[in-house]
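**Q** Sequence:
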Amino acid sequence: MAQPQVSFLQTKLKPGSFLDRKREAVLQNTLLYQLDVLKKTGRYDAFKLEWQDVYKDEPDHWPVPNHLFWDSDVGKWIEAAVYFLHDQTNETIEKAIHELVGMIRSAQQDDGYLNIHFTVVAPKERFTNFRDLHELYNAGHLIEAAVAHHDLYGNDELLGPLVKYVDLFCKTLGPGKDQKHGYPGHPEIEIALIRLYEVTKDSKHLELAQYFIDERGNPKGQDGKHFYTVEAEARGERPYERPNYYPQPKSYWYNTAHKPILEQDSVEGHSVRSMYLLTAVAALDKYRQREDYRDALSRLWNNMVDKKMYLTGGIGAMKQWEGFGIDYFLPHSTDEGGCYSETCAAIGVMMLAERMLQIDLDSKYADVLELCLYNSMLCGMSVDGKRFTYVNQLASSDADPDQKAAWFTCACCPPNVSRTLGFVAGYLTTTSKDDEKKTAQINVHVPAAGVTSLDVDGKKVELEVDSNWPWDGSVKFSLKASDIKTGIAVRIPEWASSSYKISPSADSSKVEKGYLHLDSDFTASNSSFTIDFPMTPRFVAPHPFTNQNVVALARGPLIYCVEDVDNNWVTDHFKTLQLSVQPQPPKVSESQVNDKVTGEDFIMLHIDEQFSFMKLGEVKAPGSTGLAAMADMGGGKKPSFTLPSGVGKAVNGSAKGTVKSPEGKEVEKLNFVPYYFRANREGKGHMRVGIRIG
116 MAQPQVSFLQ TKLKPGSFLD RKREAVLQNT LLYQLDVLKK TGRYDAFKLE WQDVYKDEPD
176 HWPVPNHLFW DSDVGKWIEA AVYFLHDQTN ETIEKAIHEL VGMIRSAQQD DGYLNIHFTV
236 VAPKERFTNF RDLHELYNAG HLIEAAVAHH DLYGNDELLG PLVKYVDLFC KTLGPGKDQK
296 HGYPGHPEIE IALIRLYEVT KDSKHLELAQ YFIDERGNPK GQDGKHFYTV EAEARGERPY
356 ERPNYYPQPK SYWYNTAHKP ILEQDSVEGH SVRSMYLLTA VAALDKYRQR EDYRDALSRL
416 WNNMVDKKMY LTGGIGAMKQ WEGFGIDYFL PHSTDEGGCY SETCAAIGVM MLAERMLQID
476 LDSKYADVLE LCLYNSMLCG MSVDGKRFTY VNQLASSDAD PDQKAAWFTC ACCPPNVSRT
536 LGFVAGYLTT TSKDDEKKTA QINVHVPAAG VTSLDVDGKK VELEVDSNWP WDGSVKFSLK
596 ASDIKTGIAV RIPEWASSSY KISPSADSSK VEKGYLHLDS DFTASNSSFT IDFPMTPRFV
656 APHPFTNQNV VALARGPLIY CVEDVDNNWV TDHFKTLQLS VQPQPPKVSE SQVNDKVTGE
716 DFIMLHIDEQ FSFMKLGEVK APGSTGLAAM ADMGGGKKPS FTLPSGVGKA VNGSAKGTVK
776 SPEGKEVEKL NFVPYYFRAN REGKGHMRVG IRIG
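If you want this note's numbering, it's the 1-based position in the sequence shown plus 115.
In case anyone wonders, no lab produced these hints; they're calculated from the structure. As the structure is a prediction and not an experimental result, all values here were calculated from the model. Note that CB positions come from ideal geometry on N, CA and C, so glycine has one too. Errors might be hidden in some of the hints.
Stated by the list, open to error - Derived lysine-lysine pairs resembling PhoX-like cross-links, with alpha carbons at most 25 Å apart: (1) K401 to K548; (2) K628 to K752; (3) K711 to K730; (4) K501 to K711; (5) K501 to K129; (6) K295 to K279; (7) K752 to K401; (8) K575 to K552; (9) K292 to K239; (10) K553 to K625.
To be verified - The following label-pair restraints were derived from C-beta to C-beta distances: (11) D282 to K595: 41 to 51 Å; (12) K365 to G157: 31 to 41 Å; (13) N205 to F523: 23 to 33 Å; (14) D380 to S623: 21 to 31 Å; (15) L124 to K625: 24 to 34 Å; (16) A237 to K595: 54 to 64 Å.
Starting from the given sequences, assemble the full structure and let the hints guide the process.
**A** Dropping the structure here:
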């Protein structure tokens, strides 16, 4: 099955639908806005290889220069732009792509080397610090841009230079006696090399990707030592010298290089690095199909989802290394112990989940993919596409108020959101076919409105999904398949597994691993059918072992939060707000909202009973929330559970009516907005997902 960066062309989003509007914001605003930023910050002209004063800046995180990622910033912008140009031309964007490609081509050295920092700033230091300085990471994003550029334009203007660069890697890195037994400090190029192989069919590209995966973490990789140790000694690095993000020397787990991938039992270190590495392993499965790879992927997926994932699908609690803490360490905010949840990490989870679905059609992967898509990824960009978040905490604090920024020194996230939305349709469905047998299979992972098409033996098969997802749970499917026998598998979300309805009834259908399988006999007799998924608001809670005695509101695939804009009485980031869930959770009402500031349409949730405020000096012991549901946890299915009836501590919560906040303000109800919508309006920056159980 094709990667989503290619298969997205099979699916056209319905004009005006939720995801289409998000893409439209990128096309109309984000790409041009980011292009302007690239030019103003010096990134755009950097491939001219002229000195810029910013190259002298002290690094925010030693030993990584602030400009080190500029190659990848440009690469991701090009990649994002070409995805959108498949749909609509834009003279300004196309001109910029042409200019950038020309500058990149001219920046390449005679031996194929292509990197801004190591050509302009430190030409004698190339290939001396793979651990920290991102040569291969930057190259990976340029390769992905080149592959996407080739897919759109059909030429090798950008692909050619990157193939030449990879040739240099193949000579320099590998198991040979005269080669460096190295691999990237930040995985990414492995994904890119597999995508490159799918275009070039040159086996050395696939072999280099596998080498990087297998050699990573080898304790005796070079001269009987770990490769990072050998290159550090060659640089003259002192034994106890360490990067800022290492808590102690040789913290190779930060790079996911403390052990070979096959020996790892838990996800560790930098969240994005971990996700990109695992995505590459899963992508390699298409060509290697090794059980040991699959076992490692399953083991690490389960550890991540069961023990290290937030309710929003976000991952990474630790700010110092932008990554994972110990099992179940999932605080909501900076002043509660830390919460990082980087936007790029959420995108990495989506990438991994999509590849896992190619190995095993199990709804647990699509459930998490959808959770990240509509929550921890989408919140990384404002509704207008001009402001962004790097960190996505589940609660604000005075130290870190909830807000979006125009840009970042390390600007990995903004163009990553753009490129993800560029090919987001590739995450919705996957297809397969047999021309000889005249059969087709369409798997629907996310029922967003759109049309998926494929040709089978010269005939067109088309599945239209008509929905208002993620707001409305009624989804109509219409199939046009001529005489092609077509099966359809529709994911049943975990939160709807016991209450969905299909019309007309499908007696011959079966549910396997969370997918409703409708065979070709059913689709031949029922070219149109409807599935209704309940969109009733529900309370979800993190695992009890997190010691987060909180509940959050969810509706469909969306997680909700409270913000000060809609609850203007708040002065303490909602820390003293508490809900009673005994003997039943409070009732939740809904209202349709068109926000006057942003123009966004969404469903707001309200609670007007069973809430109160914790008084100063009041002592609360941890509750027993969710213990009755623990049997439902595990297996990498979800990072939370739905709160069952009658679970929680009894408190003197309010009945319907007015409650006074700690400052004496009257509060009649609580108003909740979708988490993705947070920090889109001017406010005080107070926000919280999980509300304390009283």
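**Q** Each of the hints needs a verdict: does it hold here or not?
**A** Now for the hints, and whether the structure bears them out:
{"no.": "1", "hint": "K401 to K548", "verdict": "holds, 16 Å"}
{"no.": "2", "hint": "K628 to K752", "verdict": "holds, 11 Å"}
{"no.": "3", "hint": "K711 to K730", "verdict": "violated, 35 Å"}
{"no.": "4", "hint": "K501 to K711", "verdict": "holds, 18 Å"}
{"no.": "5", "hint": "K501 to K129", "verdict": "holds, 23 Å"}
{"no.": "6", "hint": "K295 to K279", "verdict": "holds, 19 Å"}
{"no.": "7", "hint": "K752 to K401", "verdict": "holds, 23 Å"}
{"no.": "8", "hint": "K575 to K552", "verdict": "holds, 15 Å"}
{"no.": "9", "hint": "K292 to K239", "verdict": "holds, 22 Å"}
{"no.": "10", "hint": "K553 to K625", "verdict": "holds, 23 Å"}
{"no.": "11", "hint": "D282 to K595: 41 to 51 Å", "verdict": "holds, 46 Å"}
{"no.": "12", "hint": "K365 to G157: 31 to 41 Å", "verdict": "holds, 35 Å"}
{"no.": "13", "hint": "N205 to F523: 23 to 33 Å", "verdict": "holds, 25 Å"}
{"no.": "14", "hint": "D380 to S623: 21 to 31 Å", "verdict": "violated, 42 Å"}
{"no.": "15", "hint": "L124 to K625: 24 to 34 Å", "verdict": "holds, 31 Å"}
{"no.": "16", "hint": "A237 to K595: 54 to 64 Å", "verdict": "holds, 58 Å"}
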